[in-house]
Amino acid sequence: IDYTGTDPSSPCNKCLSPNETPCVCTINFTLEQSFEGNVFMYYGLSNFYQNHRRYVKSRDDSQLNGDPSALLNPSKECEPYRRNEDKPIAPCGAIANSMFNDTLELFLVGNESDPTPIILKKKGIAWWTDKNVKFRNPPGGDIPLEERFKGTTKPVNWVKPVYMLDSDQDNNGFINEDFIVWMRTAALPTFRKLYRLIERTNDLHPTLPAGRYYLNITYNYPVHSFDGRKRMILSTISWMGGKNPFLGIAYIAIGSISFLLGVVLLVINHKYRNSSNTADITI
Amino acid sequence: MALCAKKRPPEEERRARANDREYNEKFQYASNCIKTSKYNILTFLPVNLFEQFQEVANTYFLFLLILQLIPQISSLSWFTTIVPLVLVLTITAVKDATDDYFRHKSDNQVNNRQSQVLINGVLQQEQWMNVCVGDIIKLENNQFVAADLLLLSSSEPHGLCYIETAELDGETNMKVRQAIPVTSELGDISKLAKFDGEVICEPPNNKLDKFSGTLYWKENKFPLSNQNMLLRGCVLRNTEWCFGLVIFAGPDTKLMQNSGRTKFKRTSIDRLMNTLVLWIFGFLVCMGVILAIGNAIWEHEVGTRFQVYLPWDEAVDSAFFSGFLSFWSYIIILNTVVPISLYVSVEVIRLGHSYFINWDKKMFCMKKRTPAEARTTTLNEELGQVEYIFSDKTGTLTQNIMVFNKCSIHGRSYGDVFDVLGHKAELGERPEPIDFSFNPLADKKFLFWDPTLLEAVKMGDRHTHEFFRLLSLCHTVMSEEKNEGELYYKAQSPDEGALVTAARNFGFVFRSRTPKTITVHELGTAITYQLLAILDFNNIRKRMSVIVRNPEGKIRLYCKGADTILLERLHHSTQELLNTTTDHLNEYAGEGLRTLVLAYKDLDEEYYEEWAERRLQASLAQDSREDRLASVYEEVESDMVLLGATAIEDKLQQGVPETIALLTLANIKIWVLTGDKQETAVNIGYSCKMLTDDMTEVFIVTGHTVLEVREELRKAREKMMDSSRTVGNGFTYQEKLSSKLASVLEAVAGEYALVINGHSLAHALEADMELEFLETACACKAVICCRVTPLQKAQVVELVKKYKKAVTLAIGDGANDVSMIKTAHIGVGISGQEGIQAVLASDYSFSQFKFLQRLLLVHGRWSYLRMCKFLCYFFYKNFAFTMVHFWFGFFCGFSAQTVYDQYFITLYNIVYTSLPVLAMGVFDQDVPEQRSMEYPKLYEPGQLNLLFNKREFFICIAQGIYTSVLMFFIPYGVFAEATRDDGTQLADYQSFAVTVATSLVIVVSVQIGLDTGYWTAINHFFIWGSLAVYFAILFAMHSNGLFDMFPNQFRFVGNAQNTLAQPTVWLTIVLTTVVCIMPVVAFRFLRLHLKPDLSDTVRYTQLVRKKQKAQHRCMRRVGRTGSRRSGYAFSHQEGFGELIMSGKNMRVSSLALSSFTTRSSSSWIESLRRKKSDSASSPSGGADKPLKG
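Protein chains in written order, with this note's numbering: chain S, 1 to 283; chain L, 284 to 1472.
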């Protein structure tokens, strides 16, 4: 569901003007089929070059790994988001600075007056290795995060500092999963990233029954300036990941080509076997 | 050591005063220490690095390294370049260091040799390096000469001394040097110590045979020439001692001045490779430009607006400048299309091939215990492309050994061997040779198999006796008896030696001669014949005669000569005998033997007196003495009685005809270039099956003038034209020379051969005729050039090289082949023969001609095949690897972001993919060695350069690009929409990198598996090993441990396990692999069935083990039906008879004998023998000897 709001009829169109802050818009949609099992909610961005060389390198993994010295003295790679007003930026770099910060909320419209909010789970959306190995808050045991990040300042574009990303201690600071997901840069300019999990509550009811829904968006993230697009995607997965029409079609195509080729070669083989059997080596 | 390195201005002349070191030191002449090493410990690193960076490739990578250090440009960490670069530099440096270490060692060894120097009137032991110009040195027998010396005096009378110059010019015979008379008296030390002459001479140069200078002594001037010089590198022989004055020392000596570096030879593949690398470089720049433009546009269109999230660097102020930077960034990223490891790998492969040649047991000569040796490692694959072989004759095709093989005596032929059943026995199944033990003087080495001849001798058959008597009398051989019964013959030509030895073994032992007598032991009794005249051999007469008076007083003329000449001068009464003998001659000639006819004539006393008088008159005549003598000789050599004929085998080297036949089948043209005479050369041409009677015609060009030669060449061409017209291929003769060149070659039907003489060749090689000559020669199956000089040999090679664009190979054994060996693309030296000059100049050496077929058909072919496969694959894999970046560029804003992890880029070429392709390059073979010998046609692809040319290169590149497209777009298609099985995104950059890298490694490994035609354990090990190493390194790099240590360097932590656990990823990898490989497999399959080439067929037949009886080429010595007879082929010079008669060369031995008697008996005989061979070989040497008397 595209909610960029370029189309004037879109409810989010109003948010394109910069003076409307905070801007909240709502998009209605209908699920034709109910979603069984765990449902995953993604945000998708287009024309966003997370794979640009200068973008990709603009981070400091030591800092993100909780190295205290790197925290206060981030790597040069982070330029120009290394220091702000003489204070080191934590997390530094262009990637962190451009973190996606729209807030999405999903409501099932059961009856007109009382829409049911869908419970969106924030945790479990990042790789285990990322959350536990690659990203670590600065050391400090029981000291509150704010203290640990003392001496640093928030990235330029951020509203809140890094230690205020979430109230949950296990999901705050550098190990905030939204942050981790964002920091894992995409390979292609059009990509999607996992935003929330919708867990199946019980076996009898589908996780998302068919019906009308609306998406409540707190529109913070500007993409219009570079012709970007923002989407929200709901998907389920199978044993081999999400829906992947390309792979299926490719396999079917290659399979049939191989089969045809096999038949052709078999014919040729039969036809020419005799001749090559008797082929004299002429010297 | 530092002294050696001193540079001096070039000197105008050299002054050296004996026994006056202070005076000589003024000139600062080079000391006698030599330095061939390039570095010492301190200078090694800078000098070596400087040399290495003179290589374009190394500088290029250094340049890349510098680019990578600029942060705005650097798209890759600096270590991606520095690791391979350092690796390459280190390997080369280690190699250079070891080479230099050995040079140091040999320098030290030479510099520390001892010599005796006269200092302050006393002889002192000094090391060579301390010898100075102006010193007087004493040399003893068999010592190396320490520096270039002026010979002052020696133990021999007249200041003579003998030297061997094998190290200088490769000639093994001895040479004489003589001191100038005034100094030759300075025999003892006291006199020498007072010697204070001053030598003024030319500055150091490299002319071995020239020296001019003057000695000033006691107010007199004495001219000096090369005859007075002993050059460094010579060995003193047969001279007890001598004294010499050092004139040139160390690096100034002629030996060192001559040791220039030989020209570095490059193979055509090398050149092609360099061109291709340049092209690739151009391609690289093109891609860089495209991407840079893309970047400029992108930054302009998108980047400017994307600055919210990704501002430009401060330094970058415009899209254009950003594009400029990204150009360099892309140059860095894409540089892997020209990988540094290419050159190293090529060298490694060649080295491997060279070792295969060195280790080849089938090219090891048991007799001489010499293995084949690849002296240059850079030419191996060119061995698989040879089109022309230029071969020397003597010592290369033949052993230069003559063997008395058969004879016909009075109409009866001896020499054929019959087995019990009376069939002619074949070679190799001969019974025991006959026993000559009855004859105490027999030569043990002489073998003869036909006992009937010996019986005939024992029976006392008159003709047989006369036959051998003739052989023992009619020759110019010198004999020498060491001990009683130990006879040694010194023959001018090996033919004569063989004949006299044969007579000796059959009981007619030539014992000794004086100018007037010949002593022969005839069956045990010594008979002395009075030698009245020797009618010497020359080219026109083609015969020689002696007139002797036997003890009974009867005068008889014995004559031997070429059949064509001699048969005409026989007495007509012997017609019947003549017929049978002619039959025998035909038979012998058919076997490729050299034949001689023997005849005698009785002369009565008066006739001889009268004739001798006329001969004297003729020999005293002022004008046209030669002609007069000839007619006098002619007169007496008539109406002779035929005795019989001999057949001598000019022993070919083992397996020569087979080798030549095989090489001819492999479409290699063989040209024989020999200094020998035409008859001999043609004869050998027949016996080694280069010329056959099946040939339509053998053209012989012997013209003496330009016009004659031109005419003869034209006629030859016309004849070829005519016959090809009659064959009816509708060929029309075109006048244009250039088109003719090609068309003649194609059109000629039938086999022709060309024999050309040295003087004709001189004309044919002139600028306006060389094309005509070449064209004619190339149309012929076989070309024999005789009487050619070493320079002409080189010219012929050069000619073919210039116009035919074919790979040439020259093979020879002697110093006269050196020029040709150096000129040809590949030079092969026959080792183990006399002289090492040819071997030293050669690129490959082995001891027998027959090894050439193995070298070319097996090693050369494989080398070529392997190198081609290697290059194809190498370019393929690098294009597949690198081009992915190009496609990715379109999706990452042309920002020069790499697709792969930087460690993967670093290791891809040096670890993951280097060893399997190396293994293929070293071990691969398409068909086993026996097959490539069996089917010489397999050699042809190499000659036509089919396996690696620009077309093949583009196919490889196309395949590489195709692979890279799939490699990028299949994962792209999959990843665009995919998510992982835990719902998180799959399309992150790192997972993408791992997926693409993994599929690349797998595809490339499968591809090498397909390319490998011959699997060894090592191939398996390397391919599986590389895959294993890839995964091992991948997981190690992505492990937590490394990340904890260097978080900024190992960003891919946890990536491998997370990504490779995804079924989608594996499905993608499998899909990519299949799609990349399938067309290749299909294409190969189709080609195999629709258009199989010979090697495929050979492989196939082998596979089904269908024992296909290859047309059994009969290689045996089938007698050619003799239409042609061999001529009289004495290879010696005219004028020896006279020398004998005058007794000039005999005095030496007797005189020398008397002067040597005081010496120890073991050495003087040897010295005597040496000296005589010396005198016999050079007439000037012979002329020198009488001085002694």
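Careful, some of the hints might be misleading.
Unchecked claim - Taking lysine-lysine pairs in the DSS-like style, the calculated list, with each CA pair at most 30 Å apart, reads: (1) L:Lys504 <-> L:Lys421; (2) S:Lys243 <-> S:Lys121; (3) L:Lys837 <-> L:Lys1064; (4) L:Lys1220 <-> S:Lys271; (5) L:Lys458 <-> L:Lys309; (6) L:Lys1374 <-> S:Lys271.
Just so you know, these hints were derived from the structure itself, not from any lab.
Hint numbers not upheld by this structure, sorted from lowest to highest:
3 and 5
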